[in-house]
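Let's have the full structure, built from the sequences with the hints guiding it.
Chains as they are written, first to last, in the working numbering: chain A, 1 to 404; chain B, 1 to 254; chain C, 1 to 481.
Check each hint, because a few of them may be wrong.
The calculated lysine to any residue pairs, modelled on SDA-like cross-linking and capped at a C-alpha distance of 25 Å, are [said to hold, decoys possible]: (1) A:344 <-> C:388; (2) A:265 <-> C:379; (3) A:32 <-> C:350.
Residues from chain C shown here face chain A by an in silico Cβ test under 8 Å; the list is partial [stated by the list, open to error]: (4) 71; (5) 395; (6) 404; (7) 406; (8) 411; (9) 412; (10) 418; (11) 419; (12) 422.
Simulated from the structure, these hints should not be mistaken for lab results.
For each residue, glycine too, the CB sits at the ideal point set by N, CA and C.
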Amino acid sequence: MITDKLIYSSLVRGDSNTSLDLLRKTPFPSRKDEQWKYSPLKKLKKLPFINNSGFSVKSISTLNLPKMNGLILVLENGRVNANLSEFHKINGIKLSFLSSSKENDNPIINSKKENYFSLLNSSYLSEGISIEVGSGFRVQENINIINIVSSNDSLINTKLDLILSENSSIHIRQYFLAHGKTTNGFINHNNNFIVQNNAALVLDKFQDLKNNFHISNDFIEQEESSKFISNTFSMSGLLTRNDILNNVNGEQCHSELNGIFTPFKNDHIDNHTTINHYFPNCKSYENYKGIMKENGVGVFNGKVIVHENAQKIEAFQQNNNILLNDEASIYSKPELEIYADDVKCSHGSTTGQFDQESIFYLRARGLTLKKAKELMILGFINEVIQKSENSDYIDFILERVLEN
Amino acid sequence: MKELLVEIKDLECKIGDQEILKGVNLKVNKGEVHAIMGPNGSGKSTLSSVLAGNDNYEITEGSISFLGEDITEMSPEERSWKGMFLAFQYPIEIPGVSNINFLRTALNERNKFFGDDPIPAKDFLKMVAEKSGLVGLDNRLKNRSVNEGFSGGEKKRNEIFQMAMLNPKLSILDETDSGLDIDALKTVANGVNKLKSAENATIVITHYQRLLDYIVPDFVHVLNDGKIIKSGDKNLALELEKKGYDWLTGNTTK
Amino acid sequence: MSYTEKQLKEELDNKSYEFGFVTDIESEKAPNGLNKDIIKLISTKKSEPDWLLNYRLKAFEIWQTMEEPNWAHVKYEKPDFQNISYYSAPKKKKELKSLDEVDPELLKTMEKLGISIEEQKKLSGVAVDFVMDSVSVATSFKEKLGELGIIFCSFSEAVKNHPELVKKYMGTVIPFTDNYYAALNSAVFSDGSFCYIPKGVKCPMELSTYFRINESGTGQFERTLLIADESSYVSYLEGCTAPQRDENQLHAAVVELIALDQAEIKYSTVQNWYPGDDKGLGGVYNFVTKRGICGYRSKISWTQVETGSAVTWKYPSCILKGNFSIGEFYSVAVTNNFQQADTGTKMIHVGKNTKSTIISKGISAGKSQNSYRGLVKIGKGATNSRNFSQCDSLLMTDQCGAHTFPYIECENSSATVEHEATTSKIGEDQLFYCLQRGISEEKAISLIVNGYAKEVLNKLPMEFAVEAQKLLEISLEGSVG
Numbered sequence: 001m002i003t004d005k006l007i008y009s010s011l012v013r014g015d016s017n018t019s020l021d022l023l024r025k026t027p028f029p030s031r032k033d034e035q036w037k038y039s040p041l042k043k044l045k046k047l048p049f050i051n052n053s054g055f056s057v058k059s060i061s062t063l064n065l066p067k068m069n070g071l072i073l074v075l076e077n078g079r080v081n082a083n084l085s086e087f088h089k090i091n092g093i094k095l096s097f098l099s100s101s102k103e104n105d106n107p108i109i110n111s112k113k114e115n116y117f118s119l120l121n122s123s124y125l126s127e128g129i130s131i132e133v134g135s136g137f138r139v140q141e142n143i144n145i146i147n148i149v150s151s152n153d154s155l156i157n158t159k160l161d162l163i164l165s166e167n168s169s170i171h172i173r174q175y176f177l178a179h180g181k182t183t184n185g186f187i188n189h190n191n192n193f194i195v196q197n198n199a200a201l202v203l204d205k206f207q208d209l210k211n212n213f214h215i216s217n218d219f220i221e222q223e224e225s226s227k228f229i230s231n232t233f234s235m236s237g238l239l240t241r242n243d244i245l246n247n248v249n250g251e252q253c254h255s256e257l258n259g260i261f262t263p264f265k266n267d268h269i270d271n272h273t274t275i276n277h278y279f280p281n282c283k284s285y286e287n288y289k290g291i292m293k294e295n296g297v298g299v300f301n302g303k304v305i306v307h308e309n310a311q312k313i314e315a316f317q318q319n320n321n322i323l324l325n326d327e328a329s330i331y332s333k334p335e336l337e338i339y340a341d342d343v344k345c346s347h348g349s350t351t352g353q354f355d356q357e358s359i360f361y362l363r364a365r366g367l368t369l370k371k372a373k374e375l376m377i378l379g380f381i382n383e384v385i386q387k388s389e390n391s392d393y394i395d396f397i398l399e400r401v402l403e404n
Numbered sequence: 001m002k003e004l005l006v007e008i009k010d011l012e013c014k015i016g017d018q019e020i021l022k023g024v025n026l027k028v029n030k031g032e033v034h035a036i037m038g039p040n041g042s043g044k045s046t047l048s049s050v051l052a053g054n055d056n057y058e059i060t061e062g063s064i065s066f067l068g069e070d071i072t073e074m075s076p077e078e079r080s081w082k083g084m085f086l087a088f089q090y091p092i093e094i095p096g097v098s099n100i101n102f103l104r105t106a107l108n109e110r111n112k113f114f115g116d117d118p119i120p121a122k123d124f125l126k127m128v129a130e131k132s133g134l135v136g137l138d139n140r141l142k143n144r145s146v147n148e149g150f151s152g153g154e155k156k157r158n159e160i161f162q163m164a165m166l167n168p169k170l171s172i173l174d175e176t177d178s179g180l181d182i183d184a185l186k187t188v189a190n191g192v193n194k195l196k197s198a199e200n201a202t203i204v205i206t207h208y209q210r211l212l213d214y215i216v217p218d219f220v221h222v223l224n225d226g227k228i229i230k231s232g233d234k235n236l237a238l239e240l241e242k243k244g245y246d247w248l249t250g251n252t253t254k
Numbered sequence: 001m002s003y004t005e006k007q008l009k010e011e012l013d014n015k016s017y018e019f020g021f022v023t024d025i026e027s028e029k030a031p032n033g034l035n036k037d038i039i040k041l042i043s044t045k046k047s048e049p050d051w052l053l054n055y056r057l058k059a060f061e062i063w064q065t066m067e068e069p070n071w072a073h074v075k076y077e078k079p080d081f082q083n084i085s086y087y088s089a090p091k092k093k094k095e096l097k098s099l100d101e102v103d104p105e106l107l108k109t110m111e112k113l114g115i116s117i118e119e120q121k122k123l124s125g126v127a128v129d130f131v132m133d134s135v136s137v138a139t140s141f142k143e144k145l146g147e148l149g150i151i152f153c154s155f156s157e158a159v160k161n162h163p164e165l166v167k168k169y170m171g172t173v174i175p176f177t178d179n180y181y182a183a184l185n186s187a188v189f190s191d192g193s194f195c196y197i198p199k200g201v202k203c204p205m206e207l208s209t210y211f212r213i214n215e216s217g218t219g220q221f222e223r224t225l226l227i228a229d230e231s232s233y234v235s236y237l238e239g240c241t242a243p244q245r246d247e248n249q250l251h252a253a254v255v256e257l258i259a260l261d262q263a264e265i266k267y268s269t270v271q272n273w274y275p276g277d278d279k280g281l282g283g284v285y286n287f288v289t290k291r292g293i294c295g296y297r298s299k300i301s302w303t304q305v306e307t308g309s310a311v312t313w314k315y316p317s318c319i320l321k322g323n324f325s326i327g328e329f330y331s332v333a334v335t336n337n338f339q340q341a342d343t344g345t346k347m348i349h350v351g352k353n354t355k356s357t358i359i360s361k362g363i364s365a366g367k368s369q370n371s372y373r374g375l376v377k378i379g380k381g382a383t384n385s386r387n388f389s390q391c392d393s394l395l396m397t398d399q400c401g402a403h404t405f406p407y408i409e410c411e412n413s414s415a416t417v418e419h420e421a422t423t424s425k426i427g428e429d430q431l432f433y434c435l436q437r438g439i440s441e442e443k444a445i446s447l448i449v450n451g452y453a454k455e456v457l458n459k460l461p462m463e464f465a466v467e468a469q470k471l472l473e474i475s476l477e478g479s480v481g
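Take a look at the structure:
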């Protein structure tokens, strides 16, 4: 077990002691667990993870990221890389790093998710960022958080705690990256968000960790009339897994989970989502698009639960997949659990390949096969990619999808 | 002496907390055609739903009597058996249930209520052939699921076809003209006129005068804000067509 | 000689066997509980060959190492497997002298189903003079089948008369290692049906267990084996549409279908075992394993209407092994009161150009829970395979639940898999429309539900479809408050 092999020099704060107790009681997941049925865990379990806090990224431009506005916070191997970060004060935002903050400084949110990896994270935290957006502040600048692994075999436990007070809004962009030829690193991340009444949060996650592991446990609690939109773009990774738990704890909420995943050569990308509707009159939308190439494996497991008395819920769930090679696989499991009767819920899942007729049509109009396929891919993911609204970011994602 | 068919007295109703009808009075005798007109949101469609017994609306005051019997609390199906028919503004689709099966069930349920035997298949089919000719309902529509995938015009024809089959005493046509082109409008109106007799009556609910060129009313009522504010003969409809509703409602903001 | 723990155990086991055996001779019923000796007893009583006894014993060994599955979306008190008697000789039901002695509830339901008085008597165990009649019908029926070379008999008869066929095919689709209940069934199955359609024969009539003599006492661990040889066709009806009050709490049947090259099997089930009362007491646990395997260009089609049982756990499946083979699953599952159903199918695409269709219609009423669980697997070699799934749920009350758990596993890029599901409540506007046309609420619900389930009901053989419709109506009586 990875915890046994490593002497952690981690932050000890908040609930880490209780977490450690719980972690010791929690077995390492296996494929026998329904939740981990399709995930390759053997290698992760065997790896001799180490702690490494050195920096090797020289400049942010080597990372080929899109133009960024607002704050840029860079964590490398679980430590703040101040040279690469751009930090200034933004009105209405209280921001602190857990490593340098005092007790009672900024609120810490304890995740309600208690699985092996979220517990591993809270037990051996490397670094965390805590953000509180004050009531009524509609923050125009983005917060960009870049989380890099640049050292082989290193285990990185990071987290972001975020509270959006009433009537506030913010846009967060997270990047999870493996630098250069790094292999077998593991970024184990927790996102804990509370979106209070009438607040709005947009979260873009970009994940590109070829030959490395990455698990992100996201816990979102929404209060009345709030809005949460998450766009997850997962390009690559030996195991990249997003576990999203979205609890809707008030009426008139809007929840939206979108994603594009493009596993290729030895990649495994896993998306697990749960939306809990506890209150009536809410809407949720889920839209994930997978493009599997070479021997890449994609997993989508989305669950919408409409609890008793949560009437007038509209929930839509969609997962479309394209398999580009014979060795590629997709495991799709869209689930609905409904305990209220006055609801409109539907889900759909399709898996197939590009329509040969359409490709032929495009080629007959003078497009090369490559261009034709690109155009088809663009058409396939367009609906989801447009959710990002920022054209630089959209171009960046598009370029990366087509590169794969 | 004309025989009273339906009488609405001081009818008030609400949906949720919202009051919609605020004291409607109306008498309809056998053999008459009444038109109810009024601006959007005046309560026209609510009135038709309440007459048919839709319990989404709560009747807070007043009464409805039909052939001398108080039906204010009566279930929609019993009203139907006794001869009330509502042609819906938006006819409902029922997937997987054929039009024919639907109508036969309806007729037999009524027969059961009156202690009559179910209608023999032969008679039923004869009746279907006869009545569908009345509105020019395409033959294949009869075997399709109720209203499923019908065009707007087909749905409205189907309503009148059902009306012919059930032969009601009071027909309420709720915005039957909406979404119809002029040819379909004529066909539908023609069907309604053929079904008219000294024994039955029709309430036509409409926003426009257009339909009344073809189904000529004996009386025209203007409903506004949940009350009938003016009644007259067919000329009232023409006047409304020219002047709009504002001169009656006192709304001069236009 | 020293006396080892093992010997002690053996001796104790033997003692209990002796005891059990003695009791058995007296009462023709095995004592409660399950062990090797009980299995030996079952096998001996049925004069089975050694290979079958060994098969049972191996299954039992495996079963002991297994755990009762708990992944299904159902909650119930686990049966106490040591508190069940696994063998009782086919005994006659208590003969009643007239219909007056029969539970009036039962008679009422049969009347609604349109079952004739004579049939009512027969089904409720009243002595009937017309038994001869039914035997003669069955006999002439059998003669006709015999002419075509079709074998249709009880499983025990097949073991005696056609051991080569049973030995060759039994357990090839559902090995006893498959799952907990299949292992249990393989160890203790009582009896069931066997059917073989020879090469090129199209069975001219619907085969129904109704016509099979010697079917009494097949009990709770039924086993069916159906083999359609090359280019043959058969339509098989399972189930009894009369609401027999079965005292057995646990039913764990196994049904294996084998469609050889270019053969077609149509298997229809109407199940309405006792669902428990409106307070959720009693009722049957129905834990069934049903699976078919398809050869080249063959087709297996499952159609089921499930309205009974307190807990249902059932996934009729197809292994599409042969190229160009076709699997179909059409299901209507109704749950009312406190019923729980977790049902669906598995379509395993192995061969090239294989095709599967899944249409599932769930209807939940009362406080029931109704789940669809299905797997569509496209294997690496299943080039150009297709699947289409449509799973709809209809909710009748605000206290019931409707759940959809589809598993889609696709490992071949030339495949096309489509899954759609919707969940909605019974339309209030539809109800009002019917009411306005003079159709009473109960009738309107039945009309709307039948319309909703039509796609599936249409797949049933004619006479079955009519009864299924009535069953839906009965099951949903008083479901909307």
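Here is what the structure says about each hint:
Restraint check for residue 344 of chain A and residue 388 of chain C: satisfied, since their Cα atoms lie roughly 22 Å apart, inside the 25 Å limit. For the hint pairing residue 265 of chain A with residue 379 of chain C, the CA-to-CA distance comes to about 19 Å; that is within 25 Å, so the pair holds. Between residue 32 of chain A and residue 350 of chain C the alpha-carbon distance is near 24 Å, which keeps this suggested pair within the 25 Å criterion. Nearest Cβ of chain A to the Cβ of residue 71 of chain C: about 7 Å, under the 8 Å cut. The hint holds.
Look at residue 395 of chain C: its Cβ gets to within about 4 Å of chain A, closer than 8 Å, so that hint holds up. Using the Cβ-Cβ criterion of 8 Å, the hint placing residue 404 of chain C at the interface with chain A is satisfied: the shortest such distance is roughly 4 Å. Hint status for residue 406 of chain C relative to chain A: holds, with the closest Cβ pair at about 6 Å, below 8 Å. About 4 Å separates the beta-carbon of residue 411 of chain C from the nearest beta-carbon of chain A, less than 8 Å, and the hint is met.
For residue 412 of chain C, the interface hint holds, since its Cβ comes within 8 Å of a Cβ in chain A; the closest pair sits about 6 Å apart. About 5 Å separates the beta-carbon of residue 418 of chain C from the nearest beta-carbon of chain A, less than 8 Å, and the hint is met. Proximity of residue 419 of chain C to chain A holds as hinted, the smallest CB-CB distance being about 4 Å (cut-off 8 Å). A least Cβ separation of about 4 Å between residue 422 of chain C and chain A falls short of the 8 Å threshold, and the interface hint therefore holds.
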